[in-house]
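Listed here are the chains, written in short residue letters.
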Amino acid sequence: MAANPAVMDQSIESLEKNQQWWWVAEKKRSRRLDYLRKSIWKKGAVGGLYNPGVKVDLEQGFLGMEAWKANAIFPEPENIRLARELAHFLDNKTIFITDHAQLVGYVGSLPHTVSWDPSLGEMLNEEIYNDPSAIPDPVDENLKKVAELCDFWAGKTLQARIIPAFDLEGMMKVMSGAIGWGLPTSRSGYAGKDYEYLMTGKRGFADILAEVEKKLDETYDKLHNQPPKRDNSSLTDKLQTWEAMKIILEACIRHGKRYARLARILAENFESDSKRKEELVRIAETCERVPAHAPRNLQESLQYDLFIQLFSRTEAVEGAWPSRPDYYHWPYYKKDVLDEKSISEEAAMDLVGEFLIRAAEVGQYKPRWTKEGLQGIDGTWVWTLGGVYPDGTDACNDLTVAFLRAARLVRVANPTFAFRWHPKVKDEVMREVFECIRHGLGYPSIRNDPLLVQNSMHWHGHPLEEARTWVHQACMSPCPTTKHGFQPMRMASATANCAKIVEYVFTQGFDKVVNMQMTPKTPDPRTFTDFEQVMEAWNVHMRSIFGLLVSGVNRGRSVASRITPRPYLSAVSERSVESGLDVCDPSISRGNSWITGFTWVENVDSLAAVKKLVFDEKRYTMDELCKALDANWEGYEQMRLDFVRDAPKWGNDDDFVDNLMVRCLQDVAKYSRELECPSGNSWPLLPENVSGNIHYANMVGALPNGRRLGDALYDGGISPGPGLDKKGPTAVLKSCGKIDHVGDGRAFLLNQRLSPSQLAGEKGYQLWKAYIRTWADLGLDHVQFNMVSDETLRAAQRDPEKYQEVIVRVAGYSAHFVDISRKTQDNIIQRTIQGI
Amino acid sequence: MSRRDEIRQAYSGIYAQQAAPKSNQKRPEKMCGVCSNYLEAAFTGEGVGTCTILKLGSDILANPPVFVMEGENGYRTMNLRDAAACPHYSKMEFVDKDGTECNDPKYRRSMRQMQDL
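First to last, the sequence lines map onto chains A and B.
Just so we're aligned, residue 11 is where the first sequence starts under the numbering used here, counting upward by one.
Just so we're aligned, residue 2 is where the second sequence starts under the numbering used here, counting upward by one.
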């Protein structure tokens, strides 16, 4: 966005007073950060489309095709074939270094592209072919290239191999898009990383390579020079897995060196500015060092981390970025900035800010459910800050503060932060957290660390010290970063559109939007004479939907090693390097599964309305309610208003409805213990939304809470319906506090809007701090805030060009307000602003 | 037909179109995507959906076409599937092409091939 001269003439104090934080950031940040921030393309989709100018990248498809053809002469196991394909891509893809950049690497071949790997699925390829705006210019010529790629990969993709391995009926239900989203494959979803193995300064890729080569030699010796044993067959599999790791590790090291060479060529031949020349030489030195070897300084450490992430995104479509940057980069920050003083705080801030920007520019072409369900961002990159060391002592440090300050300067919507709050966090850190929220970033979200550590132990049996390493695997769910604790791929298809549960009570499991019998045919609701019959039917549909989604993911995980292996992710995971098994093999993982529960609270408000108005007060019959819902409330407006106004709503400290919330969660929690992941662990529920509430608005029929088909669903987690929490913030917290945030589920998202004017100045901070104290005392695990006024948001709707940098909290993530659909914008404005 | 066969047939019909050479793709004059009895899925933008009249087991491309009117589940079809042989084809009045909003199975068809309708 071009600087507005009239605004830029104003003093920082004046801009701060007017809470125009985006202009404050622009005035405060360094010239380098300003350039880098403005030079990146926004990769999040607005509704179903990418922003103008963002185009799909064709390079990976064509290089993959070359590799496939070369490999076809001598077909190899899938992990080795894939490793060769990825290696060919890394060796030949176009690379670039942005002016003023100190960190390098991108998933695509040009900064305005979103990457596309057509070997993943015909479904996605077809979507790209159909996309009205993402085909690169010249469109006619490139459409032919897209068609060529689609034609070549048809029948050879991961989709072609994996779908026949599933229960087809279950897959058809998932792919209807009504009850969940995502495909259960290890090459699409949210990949955790074994940071304790990778990021503790003990090794780089060359060191891992040496370990792998040793394993290869030992195994070769066993197979060739020793008497055959009954496990020889599995030894051959292991040999191939290590071979695939070797291929990809070598390619990653070569890829780093390609950047080093490019930086040197630029420095020696094209750069006249001596300072920039020095920077380019430093980039070259950095990429000669990492990823091959363990980093020695902050720049190398950040570059190493960035490479690790980008390589993973070459291998898979990743919708999350589990990370704990202040923890793992801290030793280098401390050494460079505090101990040796080899770089200034300002120079470190440039690196930290650029690290956020480099992450913000990453974009991979995503299918409709992601484009609509994660509007404005490429994925939920919730970086974890704060927390404790494995021994329980405070892990917050100067780099925690640096990241929080950098976020206010660069104001990217992705990544966002989640802060692991615990009672020992120092006030100076809490103030920095608050400043980010006050500046309208919508992040960090606040997580109750002691409670979530306990929750990790309760549900998945992670040992205390491991549980304390946790990062956000996606928006919300904690996952350790340890050898057996980290989850290699959280498959997105364990995401349930929960409003369907209560909808199906009234349709007997038939989905009228997609014309399918989704769940068992429960009794005709008109025959119900007691609320317990409603609950019985509700439980049938809940169990059926969750069971369907979980069994799909379990199957995907079980066949992953064979059908969709991850040679790169395996190569950077201790348990795979050690065992020779693919990282997704359930036998080497403790398990950290959860069911994401979108559109959850609609169930509770609907059930409360049925209980009160039909069974307790007998104002309406089930027959009348069924007719009204069948008619989408048309012709029943007075009745609909009664169900909206006269039924108690969640979030008002009203036991009538709050008890139903607890009951439903406990029913699910009981079922979660019956559900098993392939590692033998349980599947707790995690109610949250991204912008799934808007994506699903046209998919969920009329509900007894008064909602009509097409109306936006609630904004998710355990957040009360927009505008329905009428008794103030304490009542919201007290309702939420009735839930056992350890035993009733994995985590519970709570959105709150606060008044920016009320929270100005020192008084504002003290009010917020008191609110957080209450939140912690009541035992909640999560809260996140929007602190942008209605006035600003409405002005941004009227005049989006002037408000390009306004950020809002959507649900488990933040987005620039102008980058989300109108319906999502309206939904955010409708949320109640709580005075505290 | 067994339940699995029925589902397999439905998936195969969709997959065959996904995997068919794009160079052969044509936009039929009458197609499911502009029929008022068609609901487009919101899962991906590949242009898959269901018919609200025909049931699973139908095949409007077969010769002769198969029209199954009884059953639990709707016929899975696609935006660009030729509906010339379908007696239930009923052209919708309006197709909403706003790609910056979320899918509406009933009205929104934001795919490139339908932008000029």
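Everything labelled a hint here was simulated from the structure, so no lab data went into it.
Note that the structure is predicted; figures quoted are calculated from it, not measured.
Positions of the beta carbon are idealized from the N, C-alpha and C atoms, including for glycine.
Incorrect hints may appear among the rest.
[Stated by the list, open to error] Under 7 Å between C-beta atoms, here's a sample of chain B residues computed to sit facing chain A: (1) Ser13; (2) Gly14; (3) Ala17; (4) Gly100.
[To be verified] What follows is a list of derived Cβ distance ranges for each label pair: (5) B:Gln26 - A:His234: 30 to 38 Å; (6) B:Gln26 - A:Asp217: 35 to 43 Å; (7) B:Gln26 - A:Asp101: 31 to 39 Å; (8) B:Gln26 - A:Arg264: 55 to 63 Å.
Status of each hint after checking the structure:
{"no.": "1", "hint": "Ser13", "result": "10 Å, violated"}
{"no.": "2", "hint": "Gly14", "result": "12 Å, violated"}
{"no.": "3", "hint": "Ala17", "result": "10 Å, violated"}
{"no.": "4", "hint": "Gly100", "result": "4 Å, holds"}
{"no.": "5", "hint": "B:Gln26 - A:His234: 30 to 38 Å", "result": "52 Å, violated"}
{"no.": "6", "hint": "B:Gln26 - A:Asp217: 35 to 43 Å", "result": "50 Å, violated"}
{"no.": "7", "hint": "B:Gln26 - A:Asp101: 31 to 39 Å", "result": "34 Å, holds"}
{"no.": "8", "hint": "B:Gln26 - A:Arg264: 55 to 63 Å", "result": "39 Å, violated"}
Consistency note: the structure conflicts with the earlier hints numbered 1, 2, 3, 5, 6, 8.
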